[in-house]
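Chains W and Y, in that order, are what the protein sequence lines are. Under the numbering used here, the residues of the first sequence are numbered 3 to 293, in order. Under the numbering used here, the residues of the second sequence are numbered 3 to 293, in order.
There's no promise every hint is true.
Copies of the same chain look alike in the list, so a pair counts if it fits in one copy or across any two.
To be verified - SDA-like, lysine to any residue: derived pairs with alpha carbons at most 20 angstroms apart:
| hint | residue 1 | residue 2 |
| --- | --- | --- |
| 1 | 232 | 289 |
| 2 | 232 | 268 |
| 3 | 232 | 244 |
| 4 | 26 | 233 |
| 5 | 119 | 136 |
| 6 | 26 | 154 |
| 7 | 232 | 58 |
| 8 | 119 | 155 |
| 9 | 232 | 270 |
| 10 | 26 | 84 |
| 11 | 26 | 45 |
| 12 | 232 | 169 |
| 13 | 232 | 269 |
| 14 | 119 | 130 |
| 15 | 232 | 145 |
| 16 | 232 | 272 |
| 17 | 119 | 40 |
Read the hints as simulated data drawn from the structure, not as lab findings.
2 protein chains.
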Amino acid sequence: MRPIERLVVIGVGLIGGSFALALKAAGGVGHVVGVGRSRANLDRALALGAIDEAAADAGAAAEGADLVLVATPIGAMAEVFASIALHLPANAVVTDGGSTKQSVIAAARAGLGSRIKAFVPAHPVAGSDASGARAATAELYRGREVIVTPLPENPPEAVARVRWAWQQCGARVTEMQPVDHDAVLAAVSHLPHLLAYAFMQELAARADAAGVLAHAGTGLRDFTRLAAGKPEIWRDICLANRTALLGELRRFQDTLAGVGALLEDGDGVALERGFDAARAARLAWLVGQER
Amino acid sequence: MRPIERLVVIGVGLIGGSFALALKAAGGVGHVVGVGRSRANLDRALALGAIDEAAADAGAAAEGADLVLVATPIGAMAEVFASIALHLPANAVVTDGGSTKQSVIAAARAGLGSRIKAFVPAHPVAGSDASGARAATAELYRGREVIVTPLPENPPEAVARVRWAWQQCGARVTEMQPVDHDAVLAAVSHLPHLLAYAFMQELAARADAAGVLAHAGTGLRDFTRLAAGKPEIWRDICLANRTALLGELRRFQDTLAGVGALLEDGDGVALERGFDAARAARLAWLVGQER
Numbered sequence: 003m004r005p006i007e008r009l010v011v012i013g014v015g016l017i018g019g020s021f022a023l024a025l026k027a028a029g030g031v032g033h034v035v036g037v038g039r040s041r042a043n044l045d046r047a048l049a050l051g052a053i054d055e056a057a058a059d060a061g062a063a064a065e066g067a068d069l070v071l072v073a074t075p076i077g078a079m080a081e082v083f084a085s086i087a088l089h090l091p092a093n094a095v096v097t098d099g100g101s102t103k104q105s106v107i108a109a110a111r112a113g114l115g116s117r118i119k120a121f122v123p124a125h126p127v128a129g130s131d132a133s134g135a136r137a138a139t140a141e142l143y144r145g146r147e148v149i150v151t152p153l154p155e156n157p158p159e160a161v162a163r164v165r166w167a168w169q170q171c172g173a174r175v176t177e178m179q180p181v182d183h184d185a186v187l188a189a190v191s192h193l194p195h196l197l198a199y200a201f202m203q204e205l206a207a208r209a210d211a212a213g214v215l216a217h218a219g220t221g222l223r224d225f226t227r228l229a230a231g232k233p234e235i236w237r238d239i240c241l242a243n244r245t246a247l248l249g250e251l252r253r254f255q256d257t258l259a260g261v262g263a264l265l266e267d268g269d270g271v272a273l274e275r276g277f278d279a280a281r282a283a284r285l286a287w288l289v290g291q292e293r
Numbered sequence: 003m004r005p006i007e008r009l010v011v012i013g014v015g016l017i018g019g020s021f022a023l024a025l026k027a028a029g030g031v032g033h034v035v036g037v038g039r040s041r042a043n044l045d046r047a048l049a050l051g052a053i054d055e056a057a058a059d060a061g062a063a064a065e066g067a068d069l070v071l072v073a074t075p076i077g078a079m080a081e082v083f084a085s086i087a088l089h090l091p092a093n094a095v096v097t098d099g100g101s102t103k104q105s106v107i108a109a110a111r112a113g114l115g116s117r118i119k120a121f122v123p124a125h126p127v128a129g130s131d132a133s134g135a136r137a138a139t140a141e142l143y144r145g146r147e148v149i150v151t152p153l154p155e156n157p158p159e160a161v162a163r164v165r166w167a168w169q170q171c172g173a174r175v176t177e178m179q180p181v182d183h184d185a186v187l188a189a190v191s192h193l194p195h196l197l198a199y200a201f202m203q204e205l206a207a208r209a210d211a212a213g214v215l216a217h218a219g220t221g222l223r224d225f226t227r228l229a230a231g232k233p234e235i236w237r238d239i240c241l242a243n244r245t246a247l248l249g250e251l252r253r254f255q256d257t258l259a260g261v262g263a264l265l266e267d268g269d270g271v272a273l274e275r276g277f278d279a280a281r282a283a284r285l286a287w288l289v290g291q292e293r
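Pulled out of the complex, with its shape left as it was, chain W reads as follows (with noise of 0.2 angstroms):
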């Protein structure tokens, strides 16, 4: 497939600069531009070399541009949607970056309006507990998972484009409907998310917070590392997927109601059973990944 001569890429953070450094690492683009509210941080991608050019109008910017990367907080992309509709050229593939796919594309569908068909969307499953453009690299994309949720509307060669770069990238491409796409995410990284939160949130909250936390080990760190997520992405997120996120939180209140009354009980017998399950489930999982 020809590179892609003008990649705009709106939200310049760790997710939108290493889809910008990962694409020119492979020769897959052109010129990069880069949208973004902070001229600090624009700048430091452009130093960076993420991107060709700083702007700050998303309309003014994606005039002329073969693909747009919508990487923004899920918040804001409604906003951005509306503020391009009426500025893309007729061959422009719109793609986004969001770690929810139905309101994702419940803002498209409302802010692209007849343009829907050009947008397909996606979610790269890498993060890291750093972010702005001083957190991209060229290699987060790397074996990486990215799930694209295509449209009805959209052109099979717009898919193609889509999981195409995605692929220079260095990412795993694979298909869901966003529906599964959500429920799967809230719970196996929104849900874990929302625990690692009300967990730090919880101890926070007491008056010998520091002195108790002072004892905590390196297993506690892993832990909590996803309550070093940027608040307002989290916020955003849970919101979007407010209905799913529910339900897996009810399952795991359930399940954690159980295993207090088997502590309650006193029973180790089946303390252990579940322990050894979850183990066991976990193992599984991580010999998966490496095959």
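For chain W, the structure is supplied; the task is to place chain Y on it using the hints.
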């Protein structure tokens, strides 16, 4: 302080094996006897140089010991204490590596009887998702905290010997009351383990567990690392510290119910405020650790 001539390590796993390796590396010990039920594990400890001699009988091994480290799962400690009580030399000091302290102290009082003054309880706050002698390393305790919870009966020189041994391992030795230790560890270690197990257990119970987990990223790997701990060890810890752990679990359940209510109400402002507090507390903790 003069080196330990004869160290007896009962339970030569990650904790016991690493203690022996670290003391040897520091020149703090002469002869090390390892006691365990698994001959294969003791052979690995011998091959690794963690122990100089393998024994099956704890009582016989304890004869002539300067220092005995009981590093079995805490559920097995009562039996160990009883088996060594009549064999300990007059000046021997006994310590342990258990993750709970009140229950271990109760087991020691019952098992050691009039020799209880020789027992200086301790908890190295260090670990790994690996286990067994093969995972042992002389570096495990470097820079880590070891919490000593002395008994009123302990002569100062017994406490000093245990502190000295852990310092030889590179550890930072602190002192706490047993009840405070158990309360703090329930919050920063035992509950997170229980949550990680419960989370994986809930996923594992699904018909489509593997399919769901196939879409998980590196964040989930970190979040669930505590669920890689040995089930029998964590069953023992949960049961031994049941009261404090149940208290922590109830607190967390309340927090989670609150977060669920905010989510249900779509209260993004309050959700973000909680995420912010969590993230800030985690950052302050990690910055404090680096000092």
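Taking the hints in turn, this is what the structure says about them:
Taking the shortest alpha-carbon separations for residue 232 and residue 289, only the inter-copy value of 18 angstroms comes in at or below 20 angstroms, while the best intra-copy value is 30 angstroms. Taking the shortest alpha-carbon separations for residue 232 and residue 268, only the inter-copy value of 18 angstroms comes in at or below 20 angstroms, while the best intra-copy value is 39 angstroms. Taking the shortest Cα distances, residue 232 and residue 244 sit within 20 angstroms of each other inside one copy (18 angstroms), while across copies they are farther apart (35 angstroms). Taking CA atoms no more than 20 angstroms apart as the test, residue 26 paired with residue 233 passes in neither setting, with 30 angstroms inside one copy and 47 angstroms between copies.
In this assembly of identical chains, residue 119 and residue 136 lie within 20 angstroms of each other by CA distance neither inside one copy nor across copies; the values are 33 angstroms within and 57 angstroms between. In this homomeric assembly, residue 26 and residue 154 never come within 20 angstroms of each other (Cα to Cα): the closest approach is 30 angstroms inside a single copy and 68 angstroms across copies. Within a single copy, residue 232 and residue 58 get their C-alpha atoms no closer than 22 angstroms, and across copies no closer than 53 angstroms, so neither meets the 20 angstroms cut-off. Proximity of residue 119 to residue 155 under the C-alpha cut-off of 20 angstroms is restricted to the intra-copy arrangement: shortest distance 5 angstroms within a copy versus 78 angstroms between copies.
Proximity of residue 232 to residue 270 under the C-alpha cut-off of 20 angstroms is restricted to the inter-copy arrangement: shortest distance 14 angstroms between copies versus 39 angstroms within a copy. In this assembly of identical chains, the alpha carbons of residue 26 and residue 84 never lie at most 20 angstroms apart, being 28 angstroms within a copy and 68 angstroms across copies at closest. For the homomeric pair residue 26 and residue 45, the shortest alpha-carbon distance inside one copy (18 angstroms) is at most 20 angstroms, but the shortest distance between copies (54 angstroms) is not. Proximity of residue 232 and residue 169 under a CA criterion of 20 angstroms is satisfied in neither setting, with 27 angstroms inside one chain copy and 39 angstroms between copies.
For the homomeric pair residue 232 and residue 269, the shortest alpha-carbon distance between copies (17 angstroms) is at most 20 angstroms, but the shortest distance inside one copy (40 angstroms) is not. Within a single copy, residue 119 and residue 130 get their C-alpha atoms no closer than 31 angstroms, and across copies no closer than 50 angstroms, so neither meets the 20 angstroms cut-off. In this assembly of identical chains, residue 232 and residue 145 lie within 20 angstroms of each other by CA distance neither inside one copy nor across copies; the values are 24 angstroms within and 30 angstroms between. When the C-alpha separation of residue 232 and residue 272 is checked against a cutoff of 20 angstroms, the pair qualifies only between copies, where the shortest distance is 15 angstroms, while the shortest distance within a copy is 38 angstroms.
Taking the shortest alpha-carbon separations for residue 119 and residue 40, neither the intra-copy value of 30 angstroms nor the inter-copy value of 65 angstroms comes in at or below 20 angstroms.
Hint check: violations occur at hints 4, 5, 6, 7, 10, 12, 14, 15, 17; the rest are consistent with the structure.
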